[in-house]
Amino acid sequence: MSAPGDRGELEPSLTWIYGSPRTGSTWLLELLCHPLALNLDPASELGFTWPDELREPVPALPIDGLQISAHLAPAVFGHPVETDVMEEAGNLLPRTLNRQAGERGTYALSPRYADVWRPAARELVLARLGAVVSRTRAAGLPLPPEPPQLVIKEVDDSHAADVVLDLFPRSRMIFLVRDGRDVLDSVLDANRPGGWLANVGWGTGEFASADARMDWIARHCGNWVARMNACSRAYEAHDPELRRLVRYEDLRAETERHLADLVAWLGLDASPERVQAVVEAHAFEALPDFGKGPGMFRRQAKPGGWREGLSDDEQRLAQDVMGALLTRFGYDA
Amino acid sequence: MTPEASSSYSPTAGLPFDDEDLESKLVWIFGSPRTGSTWLLEMLCHPLEAKRSEPLGFSWPPGWEEPVPALAVDEFLISSHLAPHQGRVVDILGAPFPATLNGLFGRRSSYAFSNEFADVWRPEARRLTLVRLHAIVERARAAGLPVVDGLPVLVIKEVNGSHAADLIMSLFPRSKMIFLLRDGRDIVDSLLDANSPDGWLTRTGLGRGGFESDAERFEWVRETCRNWTARINVCSRAYESHDPELRTRVRYEDLLADTPARLRDLARWIGLPSEQSRIDEIVEAHSFEAVPEQRKGKGKRRRAATPGHWRESLTPDEQRLAQEIMGERLTELGYPAGTNRA
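Respectively, the protein sequence lines represent chains U and C. By this note's numbering, the letter at position 289 of the first sequence is numbered 289, and the numbering carries on one by one without gaps. By this note's numbering, the letter at position 93 of the second sequence is numbered 93, and the numbering carries on one by one without gaps.
Fair warning: there could be bad hints in the mix.
[Said to hold, decoys possible] Chain U is faced by these chain C residues, among others (derived, beta-carbon under 8 Å): (1) F76; (2) L77; (3) L93.
Hint data in this document are derived by calculation from the structure and do not stem from the laboratory. C-beta: ideal position from N, C-alpha, C; glycine also.
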């Protein structure tokens, strides 16, 4: 029997997409994992399906929400990590159990025992991802002999980007950034009665009062800052050759150029014909009208929508909380 | 060997210990916080004192030379990593249960801990837990603690991870489970005190710091009652699925009323020394009365050790609410129903 430690060579095949939800991350995942002609299907055995007639080897597989980040850095009990933040050395960061527990020796993932739990945590993640590859191969999807790229959309758990990237220094990181005000506008739309988040029972629904809405917005903005700080920390600590910062607005404006750059960086086929075909297949405009629009998961793909979606007071509040980071990422304050 | 899954791969190959042997030495304390779990932990792991500031999480008397049969793991919190809590309670077939990431996304194949890939992640999660726990034994020895030959017992206080008791116990079927119970109304009372403006939980930054209105307090009591019921439901599920020889239920009130007898029973069951003289010495050293005055009382972790205090502190409406939410479980667990001042 072979022991753990044999799976390290999978690590360079991993690409993590972090940043924030509502940044076009599903779109990017599909762009990168084409030409699978993939159908992201959470209920299927592998999380995606493909047409029977597919014959050419598939170089990249999508993992739409591994959520291992939420396991490696969960919330403190009773304090949802998506709404709770704490300060560390003057930085607003997500309040994770790891951060809260600090150096405490009895805590399972204590820094004092990092030499013990880190290798085991790596093995868990690599074993789990390795199983995706082996099962995909067993299911008949043609894959190249070497491990395919595994593109992991992990934006919903970006609060833990620093923990995960630190465990996998030979993997790649895509830091997907979007104007935080547009993220806020999109999340508000998803949460409203009839919005896609409200429809699955996770949204706020109608706010009880204008004050309640403002409080919620303040918390959301603080959380966006905390997540982006965690991602920035991960990004800055990662090998410059293995990281890319992608602005949604740039990707939207010049999709072919930015996609070509990304797929070349990943070692995938970046021929202009291929890139053009992929972009056309996944264009927002190519979606049927019934599959997009207000309240839907795919809404409007329109940078700057916050100017109409947020009231003046809400814009000021967002600016107060997010302004410094927005400027740092090149957005007009 | 490819990096992909292989039939020749074993997550327990190459471990510097026998995984099944170590598993059989684990004793998990689940139930609820504010049940005297630290007190029980320290009694079972005498002469160790749980101290989170220490590198090992415990200290021992200087010059101690007797072999130590049990090590204390105070708030391991692996449960929160293996089943992240989502900060709310969900109703399943009419009964409240803690919302966990696993419960919400278990059917999504892409999810790391999905049902579809349970055969992959479960052995790895077990391995991670075991190697981490074994490191405590190694480091305790290296630090000079005279640990018994072979593997000692590891008592893991995991009451704050009770939301995942079912998952943990299913991963470690050879381990023991102590289901530590206390009247849920006393737990609400204790947590109210901890969340007061001067309460210990507030001082850690995690408490509420009091309530702005009676209505806000009432809603908090409702949520706390639902949380308690949800945790007890999960622990009951874990308890009922576990080997009857390897599980025991302990009521805080019984432990308090006759500590020597209950502690002796537990020590025997676990396989720890249980001579009467040793038990008496432990009970005396850890009695509430032996705790210095400045370390106990209102707003402190060690508060009153008085069963039934809820009758004084909860309002009649709060008592009725608690009865409504927790009543069925309380009755099942042998606590008298009803209210005091209603």
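Comparing the hints with the structure gives:
Interface restraint check: F76/C against chain U, minimum CB-CB distance 5 Å, threshold 8 Å, status holds. Because the beta carbon of L77/C sits about 6 Å from the nearest beta carbon in chain U, less than 8 Å, this interface hint is met. Below 8 Å, beta-carbon pairs count as interface contacts, and L93/C has none with chain U, the closest being about 17 Å; its hint is therefore violated.
Of the hints listed earlier, the one the structure fails to meet is number 3.
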